[in-house]
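Chemist: For reference, the chains in residue letters:
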Amino acid sequence: MTDTAAEAGETEAETGPVPGSVIETRGLTKRYRGGQLAVDGLDLAVPAGSVFGFLGPNGSGKTTTIRMLMGLIAPTSGTAHVLGCRMPAASRTVLPQVGALIEGPALYPFLTGRGNLVRFDSADPAADPRTRRARVENALDRVGLAAAAGKKARTYSLGMKQRLGLAAALLQPRGLLVLDEPTNGLDPQGMREIRSLVRDLAAEGTTVFLSSHLLDEIEQVCTHAAVMARGRLLVQGPVAELAAGARGRLAVTTPDPGDAARILAEHGATGLVTEGDRVSADAPPGGTEPADLNAALVRGGVRVRAFGIERASLEDAFVALTGEGFDVAG
Amino acid sequence: MSQAELTAVPAPRTAPRALWAFGILRSELATTLRRWRTLALLGVLAAVPVLIGIAVRIETGDGSRGGPDGGGGPAFLSQVTNNGLFLVFAALSATLPVFLPMAVGVVAGDSVAGEASGGTLRYLLVAPAGRTRLLLVKYASVLVFCLVATLVVAASALAAGALLFPVGEVTTISGTRIGFGEGLLRAGLIAVAVAVSLTGFAALGLFISTLTDSGVAAMAATVGVLITAQILDTMPQLEGIHPYLFPHYWMSFTDLLRDPVHWDELTRNLGLQALYAAVFGSAAWARFTTKDVSV
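Residue numbers (my numbering), protein chains in the order written: chain A, 32 to 361; chain B, -7 to 287.
These aren't lab readings, by the way, just hints derived from the structure by calculation.
Hints may contain errors.
What the hints assert, rightly or not - With the Cβ distance kept under 8 Å, some of the chain A side facing chain B (calculated, not the full set): (1) PRO78; (2) ALA79; (3) MET101; (4) LEU103; (5) ILE104; (6) SER108; (7) ALA137; (8) TYR139; (9) VAL149; (10) PHE151; (11) ASP155; (12) PRO160; (13) ALA199.
To be verified - If the Cβ cut is set under 7 Å, some of the chain B residues that face chain A in the computed set are: (14) GLY15; (15) ARG27; (16) ARG114; (17) ALA147.
Stated by the list, open to error - Restraint ranges, calculated between C-beta atoms of paired labels, are given here: (18) A/GLY135 <-> B/LEU31: 28 to 34 Å; (19) A/THR254 <-> B/THR281: 18 to 24 Å; (20) A/GLY175 <-> B/ALA39: 41 to 47 Å; (21) A/ASP74 <-> B/PRO89: 55 to 61 Å; (22) B/LEU128 <-> A/ASP74: 36 to 42 Å.
Yeah, the Cβ is synthetic: ideal placement off N, Cα and C, and Gly gets one too.
If we strip away everything but chain A, and leave its shape as in the complex, we get (with noise of 0.2 Å):
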């Protein structure tokens, strides 16, 4: 099995990660000790510049995932190559230019804020020890912790610890940036902080991989997104497609809702659904005005209190995808 692994994986670095992506995965597949397989073939491709959401319930692969792109678990067969190099092969040319935050803000207790983002920048090849303050006050800043930097960190909030993490993920300016449920632990502010974090960092070029099990998180700031479950790759795409794909939905309120029913019908509708006063459907296909089909409705006495078409979320482009909810993968 490595064997075969290995040898795919030989004939692969010599063709080479197609241009333009950041992340690019063949194949990749993780089966852990216990027969458990975590990802099934995957094969992702994140754009350049983008902000991509890698979108999964719980335990449907996503931190396996990650934790093989940044070469801290070996895959059981398939490739990954990050900013155009093979991992883990290249780990020590590719990890400098990457932030992570993975599973969470890991910390030494017994160390101040700063002294945690000292000891990492210190971890770090490419970083030059005579710059080391200037950088650590500046990651301190960009997340709002410098006044409390001087704080031992058992004594941090675990919104305090996740900002401190992403203080160590922002110690060198970065090509790319993994953040894995980055908004975890964070009250309503931290997480507009965090979000207009990720859009500066995006624009100042960094392509930014956030993984999230909060499908409107991913809507607000990502341009582009994939959707995992139980260890295999469902969609991958711009978020607009990804929505596009799922199609909106007419929603009429109506005291009236048995007639409305039957004209929609009568007019082509599809995927009728009737709970109380209201009476939604598929929205209709890019030839129709929805403006006629609410004329036929009063034409045929139906009393119109609300008409119009909500926009699909990606929700229910997920809901579309998996048929499911957003459950605990078993």
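We have chain A already, so just place chain B on it with the hints.
Modeler: Chain B only, in chain A's frame:
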């Protein structure tokens, strides 16, 4: 690399890497030695010679000398009343079997597993510290701790001995007398010999530390191996394996108090420790460089 080149400060090409290697070692040493836990261990080690000194002082306080063959306990104890310098030898004899290696076991056992259980290991690796380098730095800092711990015992014993007892010429085991200066030199050599005695065990602890993601489990297992080896070393039925047990030649440091020095067992000890360091260092490397870091 490009980061280093971007910073305007002109420097020799090799400077950043050398500085970095020093930086991570310094960071590791500072992190290890400034921990409250490490300081507590060193504090206990420093207290042992003081307690021995006070006990001997109280025991002989009425003026009656403990006699040349007086009583059991650690070696050299009977000479302490005549010469405070002997408290250094007595304290090292007392702490080498248990206290010193236990402290080393805690630090070595926790070195990798502690980082793993705290989750900081993954951040050091993506920094990227590099697995081989990180392991070397860890071993180097454990070795420094071996030396520091031994020197703390020796220094505390020297201070307590000088305060509580007269100091002066030293009578060697061979019966000859050497000056106090030479005695001090021998004491320093003995401290180094004791620290070197711990290097094999330190490598063993480092290896155990790479096997688990629980710092406590690694510390307990390391200390457990120490106790097992000590017990096996006392069983006459197992004489055949004794020369291969890492604590077997530990007390050879007393040969440095002979005149002339007997190097036989000292060199055998050195070879055994080097063997342990090589075997378990390689095992730790093989394990750590291929390990899935999934915590």
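Chemist: Going through the earlier hints one by one, which of them does the structure break, listed in rising order?
Modeler: 1, 2, 6, 17, 19
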